[in-house]
Every structure is written in C-alpha cells, then in structure tokens.
Amino acid sequence: MSAVNLQQIKDDFLSRYNKINKKIIVCGGTGCVSSGSLKIYDSFKEKIKALGYNIEVVLDKEESADKTIVVKRSGCQGFCQQGPLVTILPDNLIYCKVKLEDVDEIIDKTVLKNETIERLLYLNPKDGKRYHNKEDIPYYSKQKFITLALCGSIDSGSIEEYIANDGYFAAEKAYKTMTDKEICDEVLASGLRGRGGAGFPTGRKWDFARIEPEGKKYIICNGDEGDPGAFMDCSVMEGNPHSVIEGMMIAAKAFGADEGYVYVRTEYPRAVERMGKAIRDAEALGILGDNVFGTGYNFKLQIMEGAGAFVCGEETALIHSVEGERGMPIPKPPFPAHEGLFKKPTCINNVETLSIVPNIIRNGAAEYRKIGTETSAGTKTFSITGNIVNTGLVEVPMGATLRDLIFEIGGGVTDNAGNPTDDMFKSVQIGGPSGGCLTPEHLDIPIDYDSLKAVGAIVGSGGLVVMNKNTCMIQIAKFFMTFTQSESCGKCTMCREGTKQMLQMLTDITEGKGTPEMLDLLEKTAKAVSKGSLCALGKTAPNPVLSTLRFFRDEYEAHIIDKKCPTKQCKALCAPVIDKEKCKGCGLCAKQCPVGAISGNVKDKYVIDDEKCIKCGACVSTCKFGAIEG
Amino acid sequence: MAELTSTAQNYEKVCAILDKYGCDSNKLIPILQKIQEEYNYLPEDVMTFVATKLCIPPSKVFGVATFFAHFALEAKGKHIIKICNGTACHVKKSIPIREAVRKKLNLAEDKNTTDDMLFTIETVFCVGACGLAPVMIIDDEVHGKMTPEKAIEIIDKIIEEEKK
Chain A
1 MSAVNLQQIK DDFLSRYNKI NKKIIVCGGT GCVSSGSLKI YDSFKEKIKA
51 LGYNIEVVLD KEESADKTIV VKRSGCQGFC QQGPLVTILP DNLIYCKVKL
101 EDVDEIIDKT VLKNETIERL LYLNPKDGKR YHNKEDIPYY SKQKFITLAL
151 CGSIDSGSIE EYIANDGYFA AEKAYKTMTD KEICDEVLAS GLRGRGGAGF
201 PTGRKWDFAR IEPEGKKYII CNGDEGDPGA FMDCSVMEGN PHSVIEGMMI
251 AAKAFGADEG YVYVRTEYPR AVERMGKAIR DAEALGILGD NVFGTGYNFK
301 LQIMEGAGAF VCGEETALIH SVEGERGMPI PKPPFPAHEG LFKKPTCINN
351 VETLSIVPNI IRNGAAEYRK IGTETSAGTK TFSITGNIVN TGLVEVPMGA
401 TLRDLIFEIG GGVTDNAGNP TDDMFKSVQI GGPSGGCLTP EHLDIPIDYD
451 SLKAVGAIVG SGGLVVMNKN TCMIQIAKFF MTFTQSESCG KCTMCREGTK
501 QMLQMLTDIT EGKGTPEMLD LLEKTAKAVS KGSLCALGKT APNPVLSTLR
551 FFRDEYEAHI IDKKCPTKQC KALCAPVIDK EKCKGCGLCA KQCPVGAISG
601 NVKDKYVIDD EKCIKCGACV STCKFGAIEG
Chain B
631 MAELTSTAQN YEKVCAILDK YGCDSNKLIP ILQKIQEEYN YLPEDVMTFV
681 ATKLCIPPSK VFGVATFFAH FALEAKGKHI IKICNGTACH VKKSIPIREA
731 VRKKLNLAED KNTTDDMLFT IETVFCVGAC GLAPVMIIDD EVHGKMTPEK
781 AIEIIDKIIE EEKK
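If you read the protein sequences in the order shown, they are chains A and B. All residue numbers for the first sequence refer to my numbering, where the first residue is 1 and numbers rise by one. All residue numbers for the second sequence refer to my numbering, where the first residue is 631 and numbers rise by one.
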C-alpha cells in the first residue's frame with residue numbers, strides 16, 4: 001500500500017465540507033447520551049433526510065452542497081449540566097436541554113429559516129440573560145482549549161474530519177523528519193508533565209525508554225480512569241480518539257516501540273467502542289500498521305479492556321493485568337521504561353498526556369510553553385461535579401485558581417435542592433481518593449503540580465468535587481476510605497490492614513462511638529500506611545483523612561467530644577425528629593423523655609430540642625403513630 | 631445424559647473463545663470477559679476448563695477472577711441495576727437511592743440478586759456520567775439525576791413489562 005497522503009485527504013474533505021452551509025452537531029458525550037441525545041441525533045438524521053437532504057459530507061455533484069445539511073455526533077461539548085446540547089453552524093448557536101419534541105421546531109425555524117429559538121438558548125441564572133453563541137457563555141469564555149479543542153466539534157467517528165483539522169500531520173512529521181532524540185527533547189522542552197496525576201516530565205520518561213537497547217518495546221495508553229468523579233479521559237477517548245492514537249504513534253517513534261495497548265476501563269463502553277473504530281479506521285488508511293508513512297517503521301495498536309480494579313491505574317499493576325495476571329504492583333526499580341510489559345522497555349502515559357503530544361509536535365514546544373506556569377506548562381482538563389451550578393468538563397491553563405473554576409466557570413455552589421447559593425461553599429475535593437479536601441481559604445491558590453502539593457492535595461487526574469455546607473467531612477473521609485479499602489490489592493500489610501483500621505475508626509466516629517484518642521491514632525495510622533505501602537494507592541490513601549483532619553478538625557471534635565454532627569448527616573448523632581404530619585399531639589413522648597427535651601402542648605405538634613436530647617430512643621419506641629424517626 | 635450434552639455444548643462456546651485468543655494465557659482477562667458475556671457469570675467448571683486448556687493452574691484463573699470487580703462468580707439476575715457511588719454521586723446522595731432500591735426488591739444485606747433472578751443490584755464507582763449525578767444504570771442505560779422515587783418508578787416499569 002502506498003503511503004497515505006494526508007494533505008489530499010484534508011483538502012478533499014475541506015473542499016466538500018466548507019461548501020456546506022448548515023451543520024447540526026449533537027453532543028454524544030456520556031452525559032448528554034444519558035439524557036437522550038442519541039435519540040435526538042437519530043431524529044435529526046431521519047427528519048432531515050425525509051426533507052430530501054443529504055446528511056453526510058459526501059458530495060458527488062457541485063449542486064449537492066445546497067442539498068446537504070450535515071448532521072453529526074460529536075464528543076462531549078463540555079456543558080453537561082445543560083445537556084443534551086445541540087450546536088448549529090454556521091451561526092454557532094448552542095441549544096441547551098433539547099428534548100426530542102424540539103427537533104421539529106429546530107429544523108423548521110433554525111435550520112431552514114435561520115430563526116433563533118429563544119427558549120432553547122442558555123439562560124444564565126446570574127444575569128438573567130440568554131446567550132446565542134458558545135463563545136459568549138461565561139462557562140466557555142473563561143476556558144482555554146487544547147486537549148478538548150476538537151472534542152465537541154468534530155465527529156469522533158470520522159478520521160477524515162480529524163485529518164482535515166491537521167490530524168496525523170504531527171505524527172507524519174515525527175516519523176519522517178524527526179529523530180528519536182529530537183522528539184523526546186521537544187516534548188521535554190514543552191514542559192509537558194504526566195496528566196495522570198504524578199506530573200512526571202513526559203519527555204524524560206520517553207528518553208528513559210529510548211536509551212534502552214534496541215528491540216521490542218511497548219507503549220501503553222493508560223485509560224483506566226478509576227478516580228470516582230473524574231471523566232476527562234473518558235471524554236477524550238470518546239470525543240477525539242484519533243488524538244490519542246496520534247500521540248501514541250509519536251511516543252512509539254520517540255523511543256522505538258512498535259506495539260501499543262490502549263487500556264480502557266470496562267465501565268466506559270462507549271470509549272472502548274469509539275477507540276476501537278478509530279484504530280480500525282487508521283489501519284484501513286494505512287496510518288497504523290506496517291511501514292508507517294512509508295518510513296519503514298511499524299506500529300500496531302490494540303485495545304485492552306480493564307476488568308474493574310482501581311489499582312490497575314498504577315503502572316506495574318496495569319502491566320500485570322495486560323499480561324493476564326492479578327493486577328498487583330511490584331517495587332520500582334526496575335522501572336517499566338527499563339523492564340515493563342513482558343519484561344520489555346515500556347512507557348505508560350495517560351490519555352490526556354498523549355492527546356496533547358500532537359499539538360506540541362505540530363506547533364512547537366515554545367508555543368505550548370507560553371500557556372500555563374513556569375513549572376506546569378499547558379492546560380489541564382477537569383471534570384467539575386458535586387454541589388455546583390454548572391457541572392461539566394472544562395479545560396483551563398495551569399495556574400488558574402480554584403475560584404476561577406468553581407465560581408467563574410462553575411457558576412458557584414448550590415444547596416441540596418440544586419439552587420445557587422452564595423455562601424454555601426464548604427470544601428472542594430481535588431485529586432480523587434489520593435487527593436485532599438480544600439477549604440474556602442485555598443480558593444486563590446493557583447492550580448499547578450507544586451502549589452497543590454504544598455497544601456496536601458494533588459492535581460491528580462482532574463476530578464473536582466464541590467461540596468456545600470450540608471456535607472459532613474467525616475462522612476467524606478469515610479467514603480474515600482471505603483473506596484481505597486475495597487480497592488487495596490492486599491499486597492502491603494500497612495495498606496491492607498491500615499485502611500481497614502482507619503475505616504473502622506471513621507465509622508465509629510460517625511456512629512457516635514469515637515474517642516478523643518482516635519484523632520491521634522488516625523493520624524498515626526495514616527502516616528504509617530503512607531510510609532509502609534509500595535504503590536501510590538497506599539501511599540496516598542490517607543490523604544483524604546489527613547487533609548480533613550488538618551482543615552476540618554473542629555468537625556471531628558464535634559463528632560467525638562460533643563457527640564454532634566454539625567451538618568446533621570450522621571444519623572446516630574442527630575436527635576430524633578418528629579414528623580409533623582403524623583404527630584397527633586398526644587404528649588406521650590414528652591412524658592417518657594428522661595431529660596425533658598421534648599416540648600409542646602397536648603393536641604399540638606411536639607418538637608425535640610437538639611441540645612438537650614441524649615438520643616436514648618425512648619420517644620421513638622413510645623410513639624404509637626410512628627411519628628418519630630431517629 | 632441431557633445435562634452432559636448441554637455442558638458439552640457450552641464448552642464449545644468456550645473453545646471458540648479460547649481459539650479466538652490463540653489459547654494465549656496472557657489473554658486471560660479478555661478471555662474471561664468474553665466468557666462472562668456468554669454466561670453472565672464465570673461458572674466454576676468453565677474456569678477449571680479454561681485453566682486446563684491454557685496449561686495454567688486453576689488457582690491462577692480463580693485468582694484473576696476474584697481480583698477484578700468486573701468478574702462475577704455467581705449467576706446474575708436478568709436485569710442488572712448499577713447504582714453509581716462515585717464521589718459526585720455520593721455527594722449528591724446516591725446511598726438513599728441504593729437503600730430505596732434494595733428495600734423495593736426485598737434484598738437482605740448480604741444479597742444482591744432477587745430470588746426470582748430478575749434483578750441484580752451492584753454498587754459501582756463512577757461511570758463517567760458525573761455531570762448527571764446521581765446516576766443509576768439499568769441494563770447499560772444510564773438514568774441521570776435520580777431520586778429514590780424516580781428509581782422505584784423505573785423499576786416498577788420493568789416489573790410491569792416482565793409481568794406481560
């Protein structure tokens with residue numbers, strides 16, 4: 001097969017695509033799909049076709065451009081809170097919360113008559129204004145897109161469209177004009193650091209594998225995005241799978257690998273499917289396979305589905321599971337770059353890291369370096385979730401502050417009913433189970449690898465969970481400990497037993513059985529687990545406990561000493577509540593209460609005084625109407 | 631005799647899967663995944679069979695099967711209900727949803743599958759739909775912004791369908 005001519009594919013595609021005036025882009029990210037976007041996509045396709053239009057970018061005759069309205073499905077457009085999203089070109093209108101019933105109206109008014117449907121435009125709750133264009137919406141205008149630039153606009157299933165957006169040109173440049181060392185140096189000079197969490201310089205990692213003797217080497221893309229609350233890698237694999245493949249090709253050239261694995265979580269079926277299609281399409285065009293770009297290099301790629309183990313995000317554990325073993329980590333060194341998959345030199349890079357690489361090779365390290373901070377170059381994607389107005393997928397330059405992310409882009413904090421409130425912000429959890437909980441005083445810290453480390457958190461893979469004042473921090477610490485405890489592989493005693501002990505202590509505290517000694521013991525155990533564990537899972541498992549102990553110590557003390565849960569989330573520490581609907585006002589509970597905590601008048605509603613109540617439960621068992629719960 | 635035939639048939643499927651992966655023990659995880667797709671869990675005899683065919687000890691197959699959360703060693707119900715308890719869903723109160731569903735299905739604490747084999751409930755950590763938290767996934771369909779009431783409604787609908 002003759003080498004693929006990228007320029008020709010690009011020109012062909014653009015000459016056709018640019019002639020077409022109308023394009024409807026339906027978001028196919030996990031969030032929008034869950035709210036029914038695929039049905040909307042199908043309905044658009046069907047109805048536009050029924051009107052006699054062509055819906056794909058295939059133009060056989062000159063006049064057919066007028067008879068084409070492109071309907072395509074993109075990856076995540078980012079604004080998950082407002083999904084399903086439909087973008088309409090050329091006006092770049094973005095319609096939010098689109099329903100299946102709206103399809104007819106959108107076609108009739110917007111697509112055919114260029115009229116805007118006001119009610120489907122984004123309504124900013126802050127200023128009451130409706131926004132027409134994506135770029136004007138504060139949520140988008142404050143972001144900077146590199147990784148996600150194409151994610152929400154191109155059809156993830158179309159390799160031609162990726163090429164038309166300069167896709168695979170960087171890989172071609174790397175294979176045809178750059179030496180191995182030049183690629184490593186360029187990526188090192190760009191300041192790109194591993195986006196999986198640890199922040200190791202990517203160029204250096206590749207260089208370690210490059211200097212190994214020639215022979216079989218592997219590149220693995222780590223798409224085992226296990227952090228609960230993070231879906232950035234998922235979105236990239238779904239929305240722009242070719243950028244990941246291109247990044248892997250460049251990495252392979254940089255250190256001489258000829259085979260690669262994309263390791264994807266099995267919980268991401270759509271990412272598995274779209275990565276798979278992308279690999280097959282690239283093979284069909286001769287981009288992947290033997291004799292890449294006619295240079296004599298070979299590169300084969302396959303997908304490996306994970307099987308549900310958080311620890312497999314760790315390099316050596318991941319390698320074991322690819323080899324068909326239990327995913328347990330081993331001590332480093334030997335580092336995988338020296339002795340990895342099947343004992344051969346192996347580099348493992350995160351999805352986001354790899355997807356940035358083509359951009360660096362295409363535009364140069366200096367250009368990339370301009371974005372971000374001195375020690376952390378470029379942008380970082382985050383998924384913002386929890387008690388926040390705008391949940392979704394965002395990308396900001398390194399060095400942006402948490403305040404930018406939560407209040408400017410995220411639109412602020414919400415109460416439990418989902419309504420925006422100004423002063424409800426309590427904490428933000430960053431970095432998943434290995435990260436920490438930060439407080440309002442940390443809002444102005446720039447987000448980069450080093451600043452966050454200094455306050456006991458990490459950038460991590462980029463999950464950002466915002467919590468309001470109704471959140472009990474002990475419960476959050478307990479939640480993360482439950483997670484790491486069940487995901488601990490059991491190899492290191494400190495991690496296996498220590499997480500269990502910490503979980504027990506946290507459970508006791510939430511159940512009112514906490515003792516003052518527990519605070520010290522928790523801290524001691526946490527430090528021991530951190531020291532006595534082999535891999536990052538164990539080393540960082542205590543972080544949520546340590547950070548909550550550091551920043552929310554008064555809440556621990558309230559639970560242990562006052563036996564109160566300030567947020568009233570721990571049932572065992574809350575006074576029973578009288579259901580006003582069921583209470584008949586008989587007064588029996590007040591008579592039974594040994595401390596006189598219940599007051600009220602006969603035939604009227606009774607109430608329990610939280611301060612006086614000793615939670616003996618006498619009232620609960622006395623009530624004949626089942627009106628007291630506790 | 632009838633049982634023997636059915637087992638022999640089943641092994642045929644297993645053999646096809648093993649052949650597809652070239653009886654390569656490095657491919658144990660994808661092999662087990664395909665087998666689970668076929669049977670909806672990993673029957674003990676099948677695992678032993680796989681071990682023999684791959685020339686590895688059965689303990690290794692069991693070791694891998696028990697290590698990964700995705701593998702089930704017991705038969706699952708017809709409908710799989712996954713309640714996401716990732717951080718975002720947890721913060722948005724996923725536990726009350728799980729409790730409501732368990733109560734609805736009359737599941738005791740140590741049980742995850744209903745006696746009529748209609749439902750299996752699983753707790754999962756993050757399915758990447760955090761923007762819609764809390765979410766519940768039934769038979770691979772993601773239902774977002776759940777409440778205990780909405781969850782029960784969806785299950786009631788399935789039960790209705792099943793009665794027909």
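The reader is advised that the hints may include incorrect statements.
Below 30 Å or equal to it, Euclidean Cα-Cα: the simulated DSBU-like pairs (lysine-lysine) are [what the hints assert, rightly or not]: (1) A:Lys615 x B:Lys733; (2) A:Lys624 x B:Lys733; (3) B:Lys723 x A:Lys571; (4) B:Lys780 x A:Lys469; (5) A:Lys134 x B:Lys775; (6) B:Lys723 x A:Lys343; (7) B:Lys664 x A:Lys513; (8) B:Lys664 x A:Lys97; (9) A:Lys99 x B:Lys723; (10) A:Lys216 x B:Lys690; (11) A:Lys571 x B:Lys690; (12) B:Lys664 x A:Lys216; (13) B:Lys643 x A:Lys277; (14) A:Lys539 x B:Lys723; (15) B:Lys780 x A:Lys97; (16) A:Lys500 x B:Lys733; (17) B:Lys712 x A:Lys571.
Keep in mind that the hints were calculated from the coordinates and are not lab data.
Okay, the hints, checked on the actual structure:
no., hint, result
1, A:Lys615 x B:Lys733, "26 Å, holds"
2, A:Lys624 x B:Lys733, "23 Å, holds"
3, B:Lys723 x A:Lys571, "14 Å, holds"
4, B:Lys780 x A:Lys469, "26 Å, holds"
5, A:Lys134 x B:Lys775, "24 Å, holds"
6, B:Lys723 x A:Lys343, "45 Å, violated"
7, B:Lys664 x A:Lys513, "47 Å, violated"
8, B:Lys664 x A:Lys97, "37 Å, violated"
9, A:Lys99 x B:Lys723, "26 Å, holds"
10, A:Lys216 x B:Lys690, "27 Å, holds"
11, A:Lys571 x B:Lys690, "44 Å, violated"
12, B:Lys664 x A:Lys216, "28 Å, holds"
13, B:Lys643 x A:Lys277, "26 Å, holds"
14, A:Lys539 x B:Lys723, "28 Å, holds"
15, B:Lys780 x A:Lys97, "19 Å, holds"
16, A:Lys500 x B:Lys733, "28 Å, holds"
17, B:Lys712 x A:Lys571, "25 Å, holds"
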